[in-house]
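**Student:** All chains should be built: construct the whole structure from the sequences, respecting the hints.
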Amino acid sequence: MLPKTSFEIITEFIEQAGFNTGFTEINFPLSFPDYDLRLSAFEGINYLLGAATSGNKSIGFFHSPVYFNLRNFIKSECIFITTSLPENLCVPVIFCKNIVSFKNKLTTAIRVSEESRLPVILVISESVLFNYCEIDDFEFDNERMTPNTDKRSLNMKISAESFLDNLDIAEALLSASFDNNFSSGDTISLNNERGTFFDYIVPNIKSPQLESLEKCSEIFISKSEETFFKMLCLHYPLTVNYQLLTDESEEELVPILCPGCPFAFIFSQIKTEDYLVFTDIKCTSLSRHLSVEIREADFTIGLAHNIKNKLLFIGNVSNFKYPLINIARDVEIILLKDTDTAQEFYPEVKLHKLHKTGVTLPYSCNNIKKYGQTKISPKKCKCLKKNESPKCIDQSFCPALFKSDDIILVNDDLCTGCGLCKNVCPYGAVK
Amino acid sequence: MNYCIKMFGIHRKIFDKIAKLLLKTFAESDYFVQTHSGVPENYFAPLKLTINIIGSQKNTFKYIFVDFDNLLTNSEAENDLISPQKLDFKYSPLGLHYWAITGKLFHVIEDISPAYISGCLLEEKMEKELAYFRKFSS
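Read top to bottom, the protein sequences are chains A and B.
Going by the numbering used here, the residue at position 352 of the first sequence is 352; the numbering climbs one at a time, nothing skipped.
Going by the numbering used here, the residue at position 91 of the second sequence is 91; the numbering climbs one at a time, nothing skipped.
Hints are computed from structural coordinates only; laboratory data are not their basis.
The beta carbon of each residue, even a glycine, is placed where N, CA and C say it ideally should be.
Relax, there's no trap hidden among the hints.
If we take Cβ atoms under 10 Å as the criterion, some of the chain A residues that face chain B in the derived model are: (1) Lys4; (2) Asn27; (3) Pro29; (4) Val254; (5) Pro259; (6) Cys283; (7) Arg288; (8) Asn366; (9) Ile368; (10) Ala400.
Some chain A residues judged to face chain B by a derived CB distance under 7 Å, without partners named: (11) Leu2; (12) Pro3; (13) Thr5; (14) Glu126; (15) Ser127; (16) Leu129; (17) Asn131; (18) Leu253; (19) Thr284; (20) Ser285; (21) Pro399; (22) Phe402; (23) Ser404; (24) Leu409.
**Tutor:** This is the structure:
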C-alpha cells in the first residue's frame, strides 16, 4: 500500500464519516469545491453550527482561528478543522502536530463531538496539511439521523451546569485517549519540526497534560506561538516558565503567483509606488511579493477618510458589502468578479481604470479557469539572448513559464491562457 | 547513515507520486522515515517536503536538496543540490525531468534500490518516465 496525501485522507474521512454539510474558508490551501460557499469565516461557523443543531453532520476548514458562542447543544457531529491556534477557548480543542497521528485525531474528534454534543475544533499543524502517510481505511458506524428542528428545541438554551457537564464528558473521553505529559526542557510547538505539543485542551478543565506543564522548571516555545501560551496561562490559570525559540528561516524560493493573478496584471498597469494597496483576499503571496496589505474593506475605507495618501482596495465582488459604497469616497476600488451569478460591479463605486485590455482575469482564486493556450515564438523570445531578465516571468510571477537555455518554455498543464505574459512581453514573442 | 532530503516542486501531481514512491522505497529499505512539510503560499506555489531517513543511531544528517524546478534562490545548498540546472538537464514541460532527478537521488543515498519505482512505472506503462528514471539511477 502506498502512502496517502493529507487531501486523500481528509476526503476519505469526509466520505466514510458521512458528513453532509461542509464549508471552506476562502483561500484555504486545500480545495474542496463543494464546500466553497464564498462566506466569511464568521458566517461559515454560524452556518455549520446551524446545520449541526438540526442534526446534519458538519465539517469546516479554516485558516483563521475559530471562536463562537454556543447557544444550543448540537444533534449531530460538528468538526472545525483549522491551521490557526485558538485565541480564546469555547469548546474542546484537539491538536494534531504530526501526520502519523492524523487519523487518530480525526476519529477522536468525531467521537468526542458525538458523545459530548459539542462542536470540536481540530487544530492541525502546517506540516499535516500537505504531507503523506500510510494509513488503513476509516471505519465508522454510519448511522445518520433525519435533521429536524422545532421552537422548543431552539429555545432550550445551554445552562452553565449542563455545559460544564458536557465538557466533563469530553475531558473523560480525551484523557482516556491521550496520556502524554510534558517534561522540563521540552520544546512545545505546533509548527516547529522538533518537539511535542498538546494533544487536547478542554475549556475550564485542567487536564493532566496541562498540570504536567506547570511542573516543568523550563520549557521552550516558538515565538510565533507565544500569544496562544499567554491565552492558556490566563484562561486556566497556569504558571509556566518558558524560553522563546526564534522561528527557523525557510529556504528562499522564486516568487510564484497563481496563473493570471489579477494582482500581477493590476501591478503591471499602475504606478504602485503612488499607492498604498489593500485587499481582503487572504493570500500570503500578495503581502510577501507585492507588498499588499491584507485588511478588510471596511477598515481600508475608514483608514482612507480625510487623508492625503492614495489608497487602492482590491477585493472580490462577492465579499464587498453594498452599504460601504456610500462611504468609500477617498479610496479607489477594484472589485474582481469572482462569482458566476449575475452580480455585477457596483456602478456607484469609483472604479480604477485599467488601460490595456486583452487580459482575462480569473473569477476566483478558488476556481481558476482555463481560457486557452499560450505559445512562445523562439525567434522573437529575446530577453535571455540579450542577457536581460525575462519580463514575462518577472512581472507575471506565472508558474507555467520556465527558462530553458536561451528561451522561455510554457508548461501547458499549468498555463491558463490568461494573456498576462503576452501583455508584458516587450518583443511580442507570446501568442 | 541518516539523510535529510528537502524536496521542492511545482508539478503537484508528479511531486505527490514521486513522494509516495520514495517514502515506500525508504521504508522498504529498513530506514526509519519521518516527514515534515510546509503550507504552500498559494494554490500554485511549490510544494515543500522534508524527509528524514534514519539508518544509524548517530544524530547527524547528510542534507540533500532536491529542487525539481530550479526554484531555490539561495546558494547555500549548492554542494548538496540536485536540480535540472545542476544536472544540465533541460526542463521538460511534461515533467520528465522530475524522474531524471529522482533517479539521481539513488546515486546519493546508500542501500536503496530503484526496483520498486521501476516496477511501478513499468506497470503503469509510463515508458518515457521510466527511461529517464533508469538513465539517471543506473
